[in-house]
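Participant: With these hints in hand, go ahead and build the complete structure from the sequences.
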Amino acid sequence: MNPLIAQIAAHSPGLRDWLALTSVIFSIGLYGLLTRRNAVGILMAVELMLNSAAMNFVIFNRFCLPARMDGSVMAIFVIAVAAAEVVVGMAIFVALYRYRGTVDVNQMNTMQDPVISIEGPGDFNREVMKNINKQYKSRHDH
Amino acid sequence: MTATSLTYFAIAAAQGAFKNVTVSERTAQAFADGSWILAIVYIVVALGGLAALVTLSGLVLIYVERKLAAHFQCRLGPMRVGWHGIFQTVADAVKLLLKEDVIPEKADKAMHLLAPFLSMMATVMVLGVLPYSPILQITDINIGVLFVTAVSGFGVMGILLGGWSSNNKWSMVGAMRAGAQIISYEISATLALLVVVLFSGSLSLAEIVQSQDAGWWIWRANGVGFVSFIIFVIAVTAEINRTPFDIPEGESELAAGFHTEYSGLRFSFFFLAEFINMFVVSGMTATLFLGGWMPFHIGAWAGFNGFMDLIPPVLWFTGKTSVVIFLIMWFRWTFPRLRVDQLMYLEWKVLLPIGFVNLFAAAVVVLYNLYPFPILVP
Amino acid sequence: MIASAIYTVLFYAIAAGTILLALAVVNTRKLLRAAVALMGALSTTAGLYAMLDAQFLAGVQVLVYVGGIVVLIVFAIMLTRSGELLEDNPTLKRKLVGAVISIGFLVSSVGAVWGSPFAIASAGKAPANDALMIGKALLDYGPGGFVVPFEVISLLLLAAMLGGIVIARKTPPTGQPFTSGGDLPGEAEVYHPLSQRDDETGGRAS
Amino acid sequence: MTTEIDIQHLGFAMRHAWLVPAFPLVSFVLVALFIRPLSQRFSAVVATLAVFSSWVVACAIACEYYRLCPPGGEHPVLVPWAFEWLRYQPGFTVNVGVIVDPISVLLMLVVTTVSTLVHIYSSGYMKGDPGYGRFFAYLNLFTFSMLGLVAAPNIVQMYVFWELVGVSSFLLIGFYYQKPSAVSASKKAFIVTRFADLGFLIGVLTLGYFAFNLFGATAPAVSARTAAHCTMPLQPMDFLYLTSPEFLAKFGALAAGSTGITLLTVAMVLVFMGAAGKSAMFPLHIWLPDAMEGPTPVSALIHAATMVVAGVYLVARMFPAFAVSGAALLVVAYVGAFTSLFAAVIGTTQDDIKRVLAFSTLSQLGYMMLALGVATMDSPLGYTASMFHLFTHACFKALLFLGAGSVIHAVHSNEIWDMGGLRKKMPITHITFLIATLAISGFWPLSGFFSKDEILASALANGHTFIFGLALFVAGLTAFYMFRIYLVTFWGDFRTDKAHHAHEAPPLMWIPLVILAVLSVVAGYVPMGKFVSIGVEHAEHHGINFAIAIPATIAALLGTGTALLLYTGSGSRADAIARSLGGVHTLIKQKFYIDEVYLFITHRLIFNLVSRPIAWFDRAVVDGSMNASAWATRASGYLFSWMQTGQVQSYSAWFACGAMLVLLVLWAALI
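Here the protein sequences come in this chain order: W, V, L and D. Take the first sequence: its position 21, counted from the start at 1, is 21 in this note's numbering, and no numbers get skipped. With positions in the second sequence counted from 1, the corresponding number in this note's numbering is that position plus 1000. With positions in the third sequence counted from 1, the corresponding number in this note's numbering is that position plus 2000. With positions in the fourth sequence counted from 1, the corresponding number in this note's numbering is that position plus 3000.
These are calculated hints, taken from the structure and not from any lab test. Hints may be right or wrong, so weigh each one.
Simulated crosslink set (DSSO-like; lysine-lysine; CA at most 30 Å straight-line) [as the list claims (entries may be wrong)]:
#1 K2030/L x K1109/V
#2 K1106/V x K2095/L
#3 K1106/V x K2030/L
#4 K3127/D x K3498/D
#5 K3179/D x K3498/D
#6 K3589/D x K3188/D
#7 K1109/V x K1169/V
#8 K3187/D x K3589/D
#9 K1109/V x K2095/L
#10 K1169/V x K2030/L
#11 K3188/D x K3250/D
Facilitator: Quick look at the structure:
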């Protein structure tokens, strides 16, 4: 037998190699998630991450419980959830684009609360509402 | 070298000729036996066979299409090149290959180059799993039907990319229409497929053909099979963008649709892919509903059946496929083109509900083994 | 032996392809190209599934991801056709931070994986007909059965479908313009961000 | 000997005894949700028909019961219909069912009869009211709750319906919810009865706890005789179980700590607290007079004839338990006696016709309680007498209230001094009112005579001479105040224009009056001792015992005579007596300042001494610590708010860092 072939065969991938591969893909997805500014780009990165996570199920199934199909079933669930996520995500992006003219996540920070006070126990909610009110007013006065 | 390979091939062919093994199994066997060269020969032969099939069937189909179109319209069609214009398509092909390959200035070049290959790839991948005869199948994977459905996604991507990268409004609109249409009709096609899967209990195409030994599913599935056959034919006609579902490339509206900006070899790829697609879906229809390479048998007529068995399986397959191809070509000169809304209406409000009901009925038939009518034909 | 060698070569080849395509997904400037790369990465992942003896899953992966999700993403990109959508060029700072975090994550996770003891089964042959097995597992109950999650997933998909339609349709169902919802002060006022694109708070400038 | 009854082969009405409460319930839902918005008129018809159907079924049940167990014989307790409701653990489930025994049959008849008549009466009385349909829906709900309470075979079901009765009476008292006085009256009734129900609840829990734990999950060791008459196995909360001699013997032996009182007594006094609340016994009576704010038919239904007897019914239902604990029974007797005297005294001075009737109700309820209290298992005459009086009282008190309603309807005032001379204007009301007055005063040959006679006889027979004397005095007082309002209302001159312009009520209103008047006359001739009995010993129907009848009649005559003396002709004689009594009269007129005492206790003492410190503690310490933790959270949130960019990516970066940290820890642990 060709020694080269034997050597190659000796490096047949094991569980840890597979897991390392999924870790790499996950990290790449994470990089995309952190760096992309476009919501669609982020979604694609998330797909990568989901994919690698689903593959982990299959890997463990293959190596640790080969007679069962639980990992495949879980992976199918992950795929289904990913499909649902993409549907809703895309719908949201299209709606956002229609209403705001952008899908840049840097501009999606209306959840950020500019009003935080530490005046001690008081009617916190009312204060926040007042400020939101003010913000709205100023928005509409222009 | 060549002689050795040919010898190997001849020996292998002799060995496996009358066994129901696919080319991929033989290749694997060859690998396992350590006969590298034989394995590589198998691979080369398989790929070469596929290439030949693609080219030949493309040429033939284009010629047939033109001739049929002409005769439907009481014309003669191509008559000049060769006897009855039989080499017309060859001449056209040569002309296309010699033409300049123009890429628009503002196109996304990489995508523009990639798109035709994606389209072609989707088609050829299906050719690889079609069972042409018991011994003539590149590979039989146990998820065959699923595979066929899945790779059609690449075709959609090819069309979408082609339309997008051309940087042309017509192309873009054509691509969007094609994408929407293919995705929509794929659902109905899959629902119809599932009926056959339910009856045969397998996703493997070879097994599905084998399961029709006692009778083709179009007859034997008692009504539901016939309904799903009709749904499937309509849906695949739409999937390959043929009339009456050819709005993605409707000449009167969109110039030539998604491949308006393509020329030369790349255009011929798209063009060829379209015709091969017709062959593929017809082959699938034949495999799923018409018994694939199974000969035509009638009940207990032993003599008749014996005669039918004499005809080689490949011919049976080709014949059935040709019938479906003829049917699809016939549509083109029978039905007017649908509007976009009519198209969507037909899919979502007609075919889809019928498909679901049909699938449910099929499940009931299979579950309770209901065969209300006697089986007269295979 | 040869089969094992081929398997090994195939694994590293496909893994390398997957990683390259994944890198393309996150680094390509043009989003459509990223989508194509995503399609490639997901297809190679299907190949990896096939190598893990999960053919059915490989088919599903191609069917759902390539035929569905990527097409949907491409559609979305095409529908929201605008300059900023087509390209995405993150700043260097962003790239650095992302790289540091993701590489840190990679190192720590690979380290944790490498050090962990796993209970690897010795007889590693997958069932021949995995589609049948998966079908039975999905519709079974009791141990090893997943019928309840299966039903839940079907509900989730239905909800996602309806949600997608409701969110993405052009006019809200009531025919009313888009409002803030009524919980906040000024609920009667119409909030239409398109009309305020040019002021400081809600527009493109930031 | 025991009467053997095959529970499986009962007649239709028995097997479907649930129909009795079901009719009003269905009608309530229909009327409240569907019919009321469509037609006010039709809702009255539906509601009345539903209650009438209940009456028919109740009659059928009564007939069947007394066909199976003929009068004068043994009267077993049947549970012909039940289903499992709450299953706690083996041997402890709570059923919902219908109990059929003499007192429940009697109560069902009384409730459905009075309720039907009140429905008919109300359809005339409430005409033109904007809340016409709502009123009938409430009436149906009330009837349903009361019937469910009566039919309860276990104490849990009774408690549930007990509260439902409370709710529906709350709704009915506050029917005129625009009137502040009605609202406050309904709140008062609700709160006072709720306070009483607290005791009831604790009693129920005590009983249930011991009923289960004394015998455990093993089969309840109660008489096979009673168990044979149930469709389902006996459960610890069932009345049959709670009143079985086996259980009582075991439970009665338990002492409550070192107080020298048995636990049974404690539990029974707690249960009686609930009964006292609902029946408005002395310290908890304050809600009843105010509850007159509801429409007058409601007063007749709730506060005279049916609802307030729920307490009496409960005591009767649990009577064997009370009897085993003699002390609890003594409490019942003396509370009843005191209430009857106390209320009668107040009743002599009130000017509001409904208020007088309310106090008279209190007094009569005291009578019933007293009768129960003097009875024992060995000589259960008082038990029979109490039920008898409940029955007759329901007839004539409903009649009195409906008559008063008729008068109020005509005069548009509650003050008796606004009336006068109405006998000419309203002959039917006058005659029926007179019959009722005579009946309640205890004149032969009307029903009140017989029932009161039996109560007095039972008190004397069991050696409670003091209570006997007191009851005799109250009988005289009753005659006095009843004739007082009768005379002032119907005799003399027209005191106001309103009285002058009064006219007879429409037929829908006077027909029930006539029916009730007939009932008030004949009810006394029912041989109640043969129909209603408890224990092995049979209460003999005494006929007319002259040793008791003569003093009772003399007392009634004295009362009547005094009234005639004082309130015919000019009112100066009454005023003179009132003036000569001075402070005492004022004290009585102000109802012994009980309300004020309550207000003082709640407002001054409890609010200032208990509530305010607790409120301060709540605000300063409890809320303060909460606020402090909230403040700390918010302050720390402020410290870290620079992390809150509002952008998903920065969040996911932090998240990734966290995950990385976890992985590093894992890695470190592995190395």
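Participant: Hint by hint, say whether it matches the structure.
Facilitator: Going through the hints against the structure:
| no. | hint | verdict |
| --- | --- | --- |
| 1 | K2030/L x K1109/V | 12 Å, holds |
| 2 | K1106/V x K2095/L | 29 Å, holds |
| 3 | K1106/V x K2030/L | 14 Å, holds |
| 4 | K3127/D x K3498/D | 20 Å, holds |
| 5 | K3179/D x K3498/D | 23 Å, holds |
| 6 | K3589/D x K3188/D | 20 Å, holds |
| 7 | K1109/V x K1169/V | 17 Å, holds |
| 8 | K3187/D x K3589/D | 24 Å, holds |
| 9 | K1109/V x K2095/L | 27 Å, holds |
| 10 | K1169/V x K2030/L | 19 Å, holds |
| 11 | K3188/D x K3250/D | 39 Å, violated |
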